[in-house]
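**Student:** Sequence:
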Amino acid sequence: MNFVKDSVNQQPIVDTVFVIVDRAKKAKAQFGEDAVVDATIGSLYDEGGSLVALDTVFDSLKQLDNRTLAKYAASFTGNPDYREAVERWVLGGNSHLFREVIATPGGTGAVGMTVNECLEPKQTLIAPEIAWGSYDLMAQMHGVDVAKYSLFDGDHFNMDSFERTCRAVMEKQDRLVIIINDPCHNPTGYSLSEAEWKRIIDFLNECAKTHAVVLLNDIAYIDYSYRGDEAKRYFRVFDDMSDNMVVIVAFSLSKSMTSYGLRCGAAIILGKTKAAVDQVRTVFEKDARATWSNINNGAMAMFVDVMNARKDAYLAEKQNYVDLLKTRSDLFMKEADEAGLAYYPYKEGFFVTLKMDNATRDAYHEALMAEHIYTVKVNKGIRVAVCSLPVDKTRGLAKRMKEILDRIG
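Going by full-length UniProt numbering, the first residue of the sequence shown is number 1, and it counts up by one from there.
None of these hints come from the bench; they were simulated from the model.
Hints may contain errors.
Pair ranges (Cβ atoms, derived) [stated by the list, open to error]: (1) GLU371 x PHE203: 43 to 49 Å; (2) VAL391 x ASP278: 34 to 40 Å; (3) ARG67 x GLN11: 39 to 45 Å; (4) LYS274 x ASP202: 21 to 27 Å; (5) VAL391 x PHE203: 37 to 43 Å; (6) GLU120 x VAL17: 29 to 35 Å; (7) THR282 x ASP174: 15 to 21 Å; (8) ILE404 x ALA29: 47 to 53 Å; (9) ASP337 x ALA290: 37 to 43 Å; (10) GLU366 x GLU194: 37 to 43 Å; (11) GLY261 x ARG67: 18 to 24 Å; (12) LYS25 x PHE58: 20 to 26 Å; (13) GLU366 x ARG67: 51 to 57 Å.
Note that beta-carbon positions come from the ideal geometry of N, C-alpha and C, so glycine has one too.
Working from the sequences, and respecting the hints, build out all of it.
**Tutor:** Here's what the structure looks like:
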């Protein structure tokens with residue numbers, strides 16, 4: 001007898017990241033912190049091994065009145081001043097398209113809403129083959145199939161695979177819904193160039209002559225780009241999109257404000273025509289009301305306060321950690337290059353991912369743990385979280401990892 005719908009996958013969820021995080025914690029308790037390299041944690045940690053919680057952010061949150069923290073937001077779509085602040089911060093004046101902003105519970109809310117409302121059951125979502133695993137889970141829970149494009153051709157974006165995947169899906173359905181996680185791709189750390197973005201939009205404009213196109217741009221890590229405001233300039237390319245296309249930008253306060261548990265973000269809907277944006281907005285508003293009803297009012301008030309009254313201090317504080325992240329990633333890649341340890345093309349971001357087939361990955365992952373080095377398996381690779389790995393534990397790690405890889409053949 002089924003108490004849930006027959007179509008849903010009822011196999012228990014196994015979150016491999018948290019399983020390995022737990023194993024690393026137990027190893028540290030048994031063998032000591034110094035004996036263990038924990039490169040699993042996908043949050044920003046300081047050199048002392050503590051989670052980074054930006055003072056400018058949490059000083060703002062703590063000074064809010066209790067009633068501001070307790071009350072409902074002004075609307076289920078988010079407070080108007082929050083939506084305006086998100087638009088200004090994210091787009092930075094780089095887009096002149098029609099736009100609407102809807103508050104969501106983290107960037108995850110924006111991604112899930114897009115998958116749920118832009119595809120019919122049994123239609124196909126297009127996503128990169130190396131990606132955050134929850135994309136697949138969201139699709140599965142909504143009865144949506146997934147077609148994967150190869151992310152790289154050498155050291156650049158695999159445009160040929162992207163085009164082939166889109167064309168194959170176009171033969172089966174009347175629309176394209178595509179995920180591109182950029183910049184600071186999770187888990188490879190790749191960022192598309194503006195020229196690569198232009199090629200993507202030009203191709204999607206061709207697709208839009210016969211199919212509706214929805215591009216979901218997941219920008220969860222954008223505020224830890226090494227390029228600062230330059231990282232947002234590619235939004236200008238979206239201004240050249242077809243009338244038969246919309247872009248949904250999934251923004252998250254989790255990374256930008258180091259406020260992972262407050263669960264606040266936004267879906268920014270961009271389109272060449274107001275009618276296209278309004279159609280998506282109407283459905284997203286109803287989804288928001290039906291699914292989560294309201295967004296964390298304190299988180300939205302905090303973001304507005306930081307943007308209006310503490311922005312310079314916030315930027316300066318955050319930059320310290322952007323610089324630290326770059327120091328760690330530069331060191332790891334330099335030593336990986338010296339050791340001959342292959343990794344996917346990394347530009348910026350929280351993770352560096354070692355490049356290998358899945359059979360090698362599985363054996364290698366176990367071999368690393370036997371040496372008290374804890375990492376996360378992803379499709380076709382091993383994710384190394386430089387975001388949480390102190391410099392002293394980063395130093396020499398690539399050489400050790402290459403030696404272990406060589407031993408398993």
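**Student:** Compare the structure with each hint and give your call.
**Tutor:** Hints, one by one, checked against the model:
1. Checked against the hint of 43 to 49 Å, the C-beta distance between GLU371 and PHE203 comes to roughly 45 Å, which is consistent with it.
2. Our hint of 34 to 40 Å for VAL391 and ASP278 is violated, since their Cβ atoms are close to 50 Å apart.
3. The hinted window of 39 to 45 Å between ARG67 and GLN11 holds, with their beta carbons roughly 44 Å apart.
4. A beta carbon spacing of about 23 Å between LYS274 and ASP202 agrees with the range 21 to 27 Å that was offered as a hint.
5. Distance hint check: the CB atoms of VAL391 and PHE203 are about 41 Å apart, consistent with the given range 37 to 43 Å.
6. Checked against the hint of 29 to 35 Å, the C-beta distance between GLU120 and VAL17 comes to roughly 30 Å, which is consistent with it.
7. Taking the beta carbon of each, THR282 and ASP174 are about 20 Å apart, inside 15 to 21 Å as hinted.
8. Judged by the Cβ atoms, the range 47 to 53 Å given for ILE404 and ALA29 is violated: they are separated by roughly 23 Å.
9. Checked against the hint of 37 to 43 Å, the pair ASP337 and ALA290 fails, with Cβ atoms roughly 51 Å apart.
10. Range check, GLU366 to GLU194: Cβ separation about 41 Å, and the 37 to 43 Å hint holds.
11. Distance hint for GLY261 and ARG67: a CB-CB separation of about 21 Å, consistent with the stated range 18 to 24 Å.
12. Judged by the Cβ atoms, the range 20 to 26 Å given for LYS25 and PHE58 holds: they are separated by roughly 24 Å.
13. GLU366 and ARG67 have their C-beta atoms about 53 Å apart, which keeps the hinted 51 to 57 Å range intact.
In this structure, the hints that do not hold are numbers 2, 8 and 9, in rising order.
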